[in-house]
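Student: Single-letter residue listing:
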Amino acid sequence: MIILTGNDLKSGAVVWWDGAEWSLHIESAVDVGDEAEAIMAREESARRVNVPYSVEATLTDGIARPNHIKDRVRGLGPTVRPDLTLKPDNPAAIEEIV
Amino acid sequence: MYKYDQYDQAMVDARVAEFRDQAQRRIDGKLTEDQFKPLRLMNGLYLQLHAYMLRVAVPYGTLNSTQMHVLADIADKYDRGYGHFTTRQNIQYNWIKLEDAGDILADLAKVEMHAIQTSGNCIRNISSDHFAGAAQDELVDPRPYAELLRQWSSFHPEFMYLPRKFKIAVIASDTDRAAMRLHDIGIQIVKNADGEIGASFYVGGGMGRTPMIAPNIRDFVPLDQLITYSEACLRVYNRYGRRDNKYKARIKILVHELGAEEYTRQVEEEFAHLLEQGIEPPIAELERIKPFFADPAFEDGTKTVDRSDPDFALWVDRNTHRHKHDSYVSAVVSLKPVGGIPGDATAEQMHLMADLAKEYSFDELRVMHTQNIVLPHVKIADLHALWTKLEAAGLGTPNLDQIGDIIACPGLDYCSLANARSIPLAQKISERFKANGKEDTLGELKLKISGCINACGHHHAGHIGILGVDKKGVENYQLSLGGSEAEDTALGKITGRGFDEDGVIEAVETVTDVYLAQKEDGERFLDTYNRIGMAPFKEALYD
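If you're matching them up, the sequences are chains A and B in order.
According to this note's numbering, the first sequence is numbered sequentially starting from 1084.
According to this note's numbering, the second sequence is numbered sequentially starting from 58.
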């Protein structure tokens, strides 16, 4: 599956395309099929996202899991600072992405 | 330390206003990202893996307590309570919002700091010896020369769009504590046979994907020609450095492809031409700068350390450096606690270091390229009190130049260029060697980790180096041995096939076991490696 990611223009936060808007949570990411380029062009020109790009992912337990570790780290946060990830109360989340 | 004059302050203030406007125009949609990117990079603002990252310049690694307090305040107010000290003697913040960037730069400008030229294809922050002005073995304090070069290179209209980034280091001792020969230009302040002070130029060094050790192209440039000769080196590079391929655009490639002799010939030709133009700033400017770096009012005091506390004695042995005044030492504050993140400091720790600098070190701190902090002028009589306060704050780890004193780039945990994580390796290696007790038997051993071939973690120059690579989407690590960024500059050699994360940690221990088994009296790891070569290490790793 193909999912989309980028950064929020003002905050720089990592965001994921959930089919209607940009979400902070990778769990919301949806398969965009062959619509990737069109969505990214439209959203970037409207400044709703900064530097978007498409990511190959695999549907795992109903959630998109990026195939490359770099995007999995983007989706969670720095593995060396569990307190700064999006799941600070779930240390196992780091093991799941690496 | 240097104080801004009205021109310095006016330039920095103007840049703050300019960038504030540029950032707002980006937010308002008047600039595209393609238009904005080179502007933000000129001001040290990157877009990294999780957010914007701001890199703040610390010229030649020197700062005062007021500046350190402001760095801590920025961490608290605009970031997530910490900062990361880098291998270019700078600090960077990982969670910056674009909408805050103007305010942050304004806060920095109030204490004579900025983020100008901490990115982009221009002359970057000039680095230097972190013990400058304090070291017993230096010829002179190199920082006035570094400051002159800073002024020359800041906003230099001809060198703002070089083929690639450009890094300069200045030292003034035969002991190299700044990786001088691994810079685009390395300058050693020297004395010639007539007793005159001048500059010896090394050009074309660097790490990255094509590591090279800079050759010496001129062993003595008179001080009243320092800027002119630097300009000549840059001009030849700017004219002939490749712009068609960013991987071949650094000056090291030009010097290598032309040959040092031909590059030098062209520099000398340009130098002769420039001498006729009279571009050198008056020597009076250097003389104006020098008093800013005058010695503080040192006082005679005790010259011996009470070693009755063994933990304190160990810290003194490892983390202090001989000072030119025999009642003082330079004390290194380790930012490498066992299992910690190399180079990270919390806002509270930064405030504490600032307070300690004020109380014990004439208000001065230095950032080391090895990602630690120096209090350059500490009375021996004050050492125990200082250590006690550092210990209480988790800043008293006695591991300078030990295996736990690891340089590690941010790696895949933060950096968008990285292929593999660096920090977890550093954490696990420091924990392992502390737990098994081997750290205390290994002596000086410099381990450096980079998360990609750009080599921000200086892995080429590690006695043991680790390079993270991407192997079909999985982190893999290459091991190298025998590098050095000191005066015995050397590039490490790869041992062989790579390892996974657990494997490379195991491999580091295997390598150190070979050293412990083979070392002779007084030999460091590097000495043993140089004596016995790679073969015994490879045999232990792969057979």
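Mixed in with the good hints, there may be bad ones.
In silico BS3-like cross-links for lysine-lysine, where the CA-CA straight-line distance does not exceed 25 Å [said to hold, decoys possible]:
| id | chain 1 | residue 1 | chain 2 | residue 2 |
| --- | --- | --- | --- | --- |
| 1 | B | Lys60 | B | Lys94 |
| 2 | B | Lys446 | B | Lys360 |
| 3 | B | Lys222 | B | Lys134 |
| 4 | B | Lys154 | A | Lys1093 |
| 5 | A | Lys1093 | B | Lys94 |
| 6 | B | Lys485 | A | Lys1170 |
| 7 | B | Lys528 | B | Lys305 |
| 8 | B | Lys550 | A | Lys1093 |
| 9 | B | Lys134 | A | Lys1093 |
| 10 | B | Lys248 | B | Lys134 |
| 11 | B | Lys222 | B | Lys248 |
| 12 | A | Lys1170 | B | Lys154 |
| 13 | B | Lys94 | B | Lys154 |
| 14 | B | Lys154 | B | Lys134 |
| 15 | B | Lys485 | B | Lys436 |
| 16 | B | Lys305 | B | Lys381 |
| 17 | A | Lys1170 | A | Lys1093 |
| 18 | B | Lys485 | B | Lys415 |
| 19 | A | Lys1170 | B | Lys134 |
| 20 | B | Lys446 | B | Lys436 |
| 21 | B | Lys491 | B | Lys446 |
In short, the hints are calculated from the structure, not lab data.
All values reported here derive from a predicted model rather than from experimental measurement.
Student: Please work out if B/Lys222 and B/Lys248 have their alpha carbons no farther apart than 25 Å.
Tutor: 30 Å, violated
Student: Would the hint linking A/Lys1170 and A/Lys1093 be met if the CA-CA limit is 25 Å?
Tutor: Cα-Cα ~23 Å, so holds.
Student: Is A/Lys1170 within 25 Å of B/Lys154, Cα to Cα?
Tutor: Distance of about 21 Å is within 25 Å: holds.
Student: Are the Cα atoms of B/Lys154 and B/Lys134 separated by 25 Å or less?
Tutor: 11 Å, holds
Student: Taken at face value, is the distance from the CA of A/Lys1093 to the CA of B/Lys154 at most 25 Å?
Tutor: 6 Å, holds
Student: Does B/Lys381 sit within 25 Å of B/Lys305, going by the straight-line distance between their CA atoms?
Tutor: Roughly 42 Å between the alpha carbons, so the hint for B/Lys305 and B/Lys381 is violated.
Student: Regarding the pair B/Lys60 and B/Lys94, is the alpha-carbon distance no greater than 25 Å?
Tutor: Not satisfied, since the Cα-Cα distance of roughly 31 Å exceeds 25 Å.
Student: Would the hint linking B/Lys485 and B/Lys415 be met if the CA-CA limit is 25 Å?
Tutor: Distance ~34 Å between B/Lys485 and B/Lys415 Cα, so the pair is violated.
Student: Would the pair B/Lys94 and B/Lys154 pass a check requiring their Cα atoms to be no farther apart than 25 Å?
Tutor: 15 Å, holds
Student: For the pair supplied as a hint, B/Lys446 and B/Lys436, confirm whether the alpha-carbon distance does not exceed 25 Å.
Tutor: Cα-Cα ~15 Å, so holds.
Student: Checking one constraint from the list: CA of B/Lys248 to CA of B/Lys134, max 25 Å. Satisfied?
Tutor: 47 Å, violated
Student: B/Lys446 and B/Lys360: Cα distance at most 25 Å?
Tutor: 21 Å, holds
Comparing the model with each earlier hint shows violations of hints 1, 3, 8, 10, 11, 15, 16, 18; every other hint is respected.
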